[in-house]
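Residue numbers (the numbering used here), protein chains in the order written: chain A, 1 to 304; chain B, 1 to 228.
Derived by calculation from the structure, the hints in this document are not laboratory data. Careful, some of the hints might be misleading.
Said to hold, decoys possible - The list that follows gives simulated cross-link-like pairs (lysine-lysine, BS3-like), each with its CA atoms no further than 27 Å apart:
| hint | chain 1 | residue 1 | chain 2 | residue 2 |
| --- | --- | --- | --- | --- |
| 1 | B | 197 | A | 11 |
| 2 | B | 136 | A | 18 |
| 3 | A | 66 | A | 88 |
As the list claims (entries may be wrong) - What follows is a set of in silico ranges between Cβ atoms, one per label pair, in the way DEER data are often shown:
| hint | chain 1 | residue 1 | chain 2 | residue 2 | range |
| --- | --- | --- | --- | --- | --- |
| 4 | B | 73 | A | 187 | 31 to 41 Å |
| 5 | A | 22 | B | 219 | 56 to 66 Å |
| 6 | A | 1 | B | 170 | 40 to 50 Å |
| 7 | B | 128 | A | 280 | 46 to 56 Å |
| 8 | B | 136 | A | 177 | 56 to 66 Å |
| 9 | A | 187 | B | 136 | 38 to 48 Å |
| 10 | A | 203 | B | 73 | 25 to 35 Å |
| 11 | A | 1 | B | 24 | 33 to 43 Å |
| 12 | B | 186 | A | 203 | 33 to 43 Å |
| 13 | A | 279 | B | 73 | 37 to 47 Å |
| 14 | B | 186 | A | 284 | 28 to 38 Å |
| 15 | B | 13 | A | 242 | 52 to 62 Å |
For every residue, glycine included, the Cβ atom is placed at its ideal position computed from N, Cα and C.
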Amino acid sequence: MKIRTWGYSIKQGMINIKRNKLFSLASIATIAICIFLIGLFYSVFVNINHMVEEAEQQISVTVFFKPGITDEEIANLKDQISKRAEVKEVTYTSAEEAWEEFKAVYFGDHMDLAEGFKDDNPLANSASFEITLNDISMQDVLVNYLNSLKDQGIRQVNASENTASTIDTFGKLVAYVSVALIVVLLAVAVFLISNTIAMGITVRREEIGIMKLMGASDLFVRAPFMVEGLIIGLIGAVIPMIVLLVLYNRVVLYIITHFQQVSSFTIFLPVKDVFNILGPLALVIGAGIGLIGSMITIRKHLNV
Amino acid sequence: MIDLENVSKTYSAGAPAVNDINLHIDAGEFVFIVGNSGAGKSTLIKLMLKELEPTAGRIVINGKDLKTIKHRKIHLLRRDIGVVFQDFRLLKDRNVYDNVAFAQRVVEVPNRIIRRKVPAVLSMVGLAEKYKSFPKELSGGEQQRVALARALVNNPPILLADEPTGNLDPKNSWEIMNLLEEINNRGTTVIVVTHNKEIVDAMQKRVVTIQKGMVISDEKAGGYLYED
Ligand SMILES: Nc1ncnc2c1ncn2[C@@H]1O[C@H](COP(=O)(O)OP(=O)(O)O)[C@@H](O)[C@H]1O
Ligand SMILES: [Mg+2]
Chain A
1 MKIRTWGYSI KQGMINIKRN KLFSLASIAT IAICIFLIGL FYSVFVNINH
51 MVEEAEQQIS VTVFFKPGIT DEEIANLKDQ ISKRAEVKEV TYTSAEEAWE
101 EFKAVYFGDH MDLAEGFKDD NPLANSASFE ITLNDISMQD VLVNYLNSLK
151 DQGIRQVNAS ENTASTIDTF GKLVAYVSVA LIVVLLAVAV FLISNTIAMG
201 ITVRREEIGI MKLMGASDLF VRAPFMVEGL IIGLIGAVIP MIVLLVLYNR
251 VVLYIITHFQ QVSSFTIFLP VKDVFNILGP LALVIGAGIG LIGSMITIRK
301 HLNV
Chain B
1 MIDLENVSKT YSAGAPAVND INLHIDAGEF VFIVGNSGAG KSTLIKLMLK
51 ELEPTAGRIV INGKDLKTIK HRKIHLLRRD IGVVFQDFRL LKDRNVYDNV
101 AFAQRVVEVP NRIIRRKVPA VLSMVGLAEK YKSFPKELSG GEQQRVALAR
151 ALVNNPPILL ADEPTGNLDP KNSWEIMNLL EEINNRGTTV IVVTHNKEIV
201 DAMQKRVVTI QKGMVISDEK AGGYLYED
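Pulled out of the complex, with its shape left as it was, chain B reads as follows (with noise of 0.2 Å):
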């Protein structure tokens, strides 16, 4: 399902944040992604979502290499890859409604499943009573809700969260991987960036820990390496 071959990335300057990373992940698979800050992990799903070209190796993502497709391919790519982003990127001038219906909107899907899709989303999140307010209006941990529901509206076969519970309380946190992994039970391929020992360590899922843009260790059903 993802394929990285030796995959390099290095900004304008210094030293690489993704050094030579070889990461083979299976359809269906769970993964989390650990390692300290600056590590590397939001910049390696940036080569997943083709946002950023890698300065060396392969990527292939469910049969698609990112190198050769073509460029008014890359849309599709993207349509198969639902994204949870660290900052969020919502949209600040729509409601929690538009937000969601957004992501639904420019891949085409019609109204009328709009219209029956986004509620349903929204409450799966525990979100349906806030869908008229703005970003503005709710807290770090609601506004990570709506950005996770924009991600699974569009039931795309791959996963990427960024820190999905970097804003919650112990208690959101399990409410948002318990969904996670009930998401993942039904057939998508999950894969959690986070910094939640306590989460990693009892869920006891594929971890893979990066340091210094390194895969320092790939674990099949491991804990929480790194300390802080």
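One chain only, chain A, in its complex shape (with noise of 0.2 Å):
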């Protein structure tokens, strides 16, 4: 089909949406939930998996080590532990870092009350591993296979609460659930828009007619109703990306504000880099959703 034919085609696309506005409307606003949903969902949940990201930074297990443990046996069992799939990074601290740090920390500007140690390292037995992992839901597993590691030299383990663990699973609870809101109100989307063309076709049906006999292509006859298709879907989506970027940083501000647990920015991800691909996505799935509807109902009312 040539250029200069769509824009005819636009002009009738658009001419259906204003004969039907009623359909039109509802079409519209079924995408701009469903949309405003799939937004909603993918900003929480990029920022769930954005505080899981920065949680898990921060997690890690400490083994301690028995007194009287060579370097020797140190190294194996950094060895042993470090081919574990689970384990991200193994960093050996020995007593005197560990003391310098404690000393840092706790002593800070008076590092000469501290002095009074000197030659008596009170963390003689500190020596330890620091092991990050590469997944904190694994952390169970990997404290027991530790645990079962005390003949060997280990002394003790730590590990940190799992609070990343509990986040993760909130996420992928609020995850499997959006995800089949979204389907529904996807195929609610879908059928509304398919019954808007429908509509369209019937009131051009003798049109449509005498156009396939003067010679209409399949494409010049199908084109409008493409179009009312791909611009509710469009409309539908640009909507609530709107009303989602108007109420984001709103949204961040008032829950910093309000709830003390919460204390800083850095735990949100700034808007631009949600809408970065969630504006793009938000356009694909309002034209995908449009145009399905509209071949949909093109395939069963228009024989071309």
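Bring the two chains, given one by one in their own frames, into a single complex with the hints.
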């Protein structure tokens, strides 16, 4: 089909929408709600993911050794633990390093106070491995494994409380529920669009018949209805994106000012990072719903 | 140009509307198809447009076999044929100009050409002044002329006119017939379904007479055979 013809098809598509305002509005509203929810769930989901990642960075398992363990035994243990699939990194901290760190944290500017301990490291037995994980849900497995190594010189295994794992589980739950809800809404949106377009086709049935007898190509006959679906889908995508854009920072601000547990902006993703993906995604989904809805109807009602 | 071999068409129930018709029409011919009401003339036209499928037989138009033509190429067949439908089939929500322009728009003619061509065709059929009128504001004869203008505007190699003078007085009928003859003289193959005995007798063109779906006579330069 020629480019100039698309101008005509777009005009006809808009006429269809105007003629059939009520159904078009209903379709736009459904898509808008659907995409709003997609956007909402997406924003929640990527933020939870972000929080889990942040939390994961902080989570680690610490292993302390029995007194008198040799450097060779420590190197052996490090090798064994590093080989585990769930283990990301094993960092060794010697007793001296532990003491230096302790001093820096607790004595700070008053290093002189620590001088008293000079040659007698109070943390002599606190050489340790700090083990970070690839996947925090595997923490319990690792802790069990490490406990089983006690006869090889491990004295104690400390694991931080597993908050990240809880967030992660919650995130997955949100994802499942939202995917289910969105699928249902998408189906409703497609159904409504295809009905809207079916109305347009019914109104134009005579005209379509005449067009075909006068030699209109299949695409020419279909194009206005494809355009109609596309426009409805795109409007249905743009509206919720604007709403979400306006809401996002306000909600973040509200949460930070009203919940003491949440103390910093940095645990939320900046609006730009969310909409970089969400914006184009919404347009593609809107256009997709619109086109799929119109294609279904065109196949069923436009025998071209 | 047009070849029908043993073509039959039976609607869902009843006797065949077209019954084993053989008809060959050369490029550039002017042919009258006559026969009483219900003889199968309009059905024949619908078959040639592939608006209907024949129950049996083969139709070839401008080298295109209507049975084997690909679905997505049917529109190209139809671009070869300008049709004046017996019931006009004008778009009620568009004025005369837009109805004629529509025929060009659907075959993707540029606007620049549409603006030049539509007024020319409208003045050819004598409707230049009524270009803004809507079909319901026109007489039957005027609507018929809009339908004719629409069939002619793309200069198709074949023109099918189903009773184009059915609603016209003798003077207007002659004007239309003279127009069709002129178009034929410019090289278009013209097929006219008509009841107009006076015109058929006077013009001495090829006359194909159909009765009960069958060709009962095919005269080279004949007159109107059938008497109601
Ligand atoms: N859509 C249809 N369904 C059933 N029968 C039809 C249909 N169209 C026409 N017929 C029948 O087919 C026969 C031929 O009709 P038609 O081709 O319109 O005749 P004509 O144009 O010569 O008057 C008639 O008996 C008519 O009743
Ligand atoms: Mg008829």
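Practice task
Tell me, in ascending order, the numbers of any earlier hints that this structure violates.
Solution key: 1 and 14
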